Amino acid sequence: GAGVSQSPSNKVTEKGKDVELRCDPISGHTALYWYRQSLGQGLEFLIYFQGNSAPDKSGLPSDRFSAERTGGSVSTLTIQRTQQEDSAVYLCASSLTYSGNTIYFGEGSWLTVV
Amino acid sequence: AQSVTQPDIHITVSEGASLELRCNYSYGATPYLFWYVQSPGQGLQLLLKYFSGDTLVQGIKGFEAEFKRSQSSFNLRKPSVHWSDAAEYFCAVQGTDKLIFGTGTRLQVFP
Numbered sequence: 235g236a237g238v239s240q241s242p243s244n245k246v247t248e249k250g251k252d253v254e255l256r257c258d259p260i261s262g263h264t265a266l267y268w269y270r271q272s273l274g275q276g277l278e279f280l281i282y283f284q285g286n287s288a289p290d291k292s293g294l295p296s297d298r299f300s301a302e303r304t305g306g307s308v309s310t311l312t313i314q315r316t317q318q319e320d321s322a323v324y325l326c327a328s329s330l331t332y333s334g335n336t337i338y339f340g341e342g343s344w345l346t347v348v
Numbered sequence: 138a139q140s141v142t143q144p145d146i147h148i149t150v151s152e153g154a155s156l157e158l159r160c161n162y163s164y165g166a167t168p169y170l171f172w173y174v175q176s177p178g179q180g181l182q183l184l185l186k187y188f189s190g191d192t193l194v195q196g197i198k199g200f201e202a203e204f205k206r207s208q209s210s211f212n213l214r215k216p217s218v219h220w221s222d223a224a225e226y227f228c229a230v231q232g233t234d235k236l237i238f239g240t241g242t243r244l245q246v247f248p
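First to last, the sequence lines map onto chains A and B.
According to the working numbering, the stretch in the first sequence is residues 235 to 348, in order.
According to the working numbering, the stretch in the second sequence is residues 138 to 248, in order.
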């Protein structure tokens with residue numbers, strides 16, 4: 235596609251349920267990034283992929299969070315046993331390679347945990 | 138590890154006035170530098186970037202930024218602000234991999 239695509243755009247879930255957020259990067263982009271933006275907060279790095287491997291998972295806030303990327307393309311961020319503090323916008327981005335290239339962002343997935 | 142500081146949380150300017158948003162970074166070498174803008178309820182749009190070469194870079198919407206190595210700064214400027222420029226502005230730095238963002242500056246524009 236022309237840009238980074240994320241789904242769902244909005245998700246309301248009950249506390250304790252699992253959620254999956256999907257990111258479809260720009261075609262041909264090998265690097266993929268996940269960020270979280272809580273209300274009124276800045277952008278918190280979660281994880282990035284180079285191809286299918288994740289060299290840096292340091293930003294994942296707890297073991298309830300995981301992410302995978304298959305086929306060097308689509309990535310899924312999974313949050314297990316969601317908590318209210320997980321409510322945020324989850325932003326995905328991609329770039330041609332992992333350094334020195336423009337990084338393009340999707341519109342985000344707005345997650346609300348009730 | 139790299140880090141970014143945006144000292145101004147909130148700036149208010151009158152339409153037509155000039156604008157400068159400050160950004161300071163910390164990184165051991167010359168980083169890649171970016172400015173993004175986020176309108177309410179929207180994703181991040183790239184305004185401009187610095188990778189190498191000319192330290193004054195031009196971006197979209199009439200914005201420019203200047204990389205000053207001696208000051209570890211990458212300030213964003215616009216000579217005349219329009220009401221549609223009201224948004225949140227994020228400076229970001231990339232070393233060898235991940236992009237690290239500042240906390241953002243919210244710009245308000247009065248008529």
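Hint data in this document are derived by calculation from the structure and do not stem from the laboratory.
Quantities reported herein were computed from a predicted structural model and do not represent experimental measurements.
Every residue, glycine too, gets a C-beta built ideally from N, C-alpha and C.
Any given hint could be a false lead.
Just so you have them, the derived chain B footprint on chain A, three or more residues with Cβ under 8 Å [unchecked claim]: (1) 280-292; (2) 311-319; (3) 324-334.
Hint check:
1. 280-292: As far as the stretch 280-292 of chain A goes, the hint holds, because 4 residues have Cβ atoms under 8 Å from chain B.
2. 311-319: With 0 residues close enough to chain B, the hint is violated.
3. 324-334: holds (count 5)
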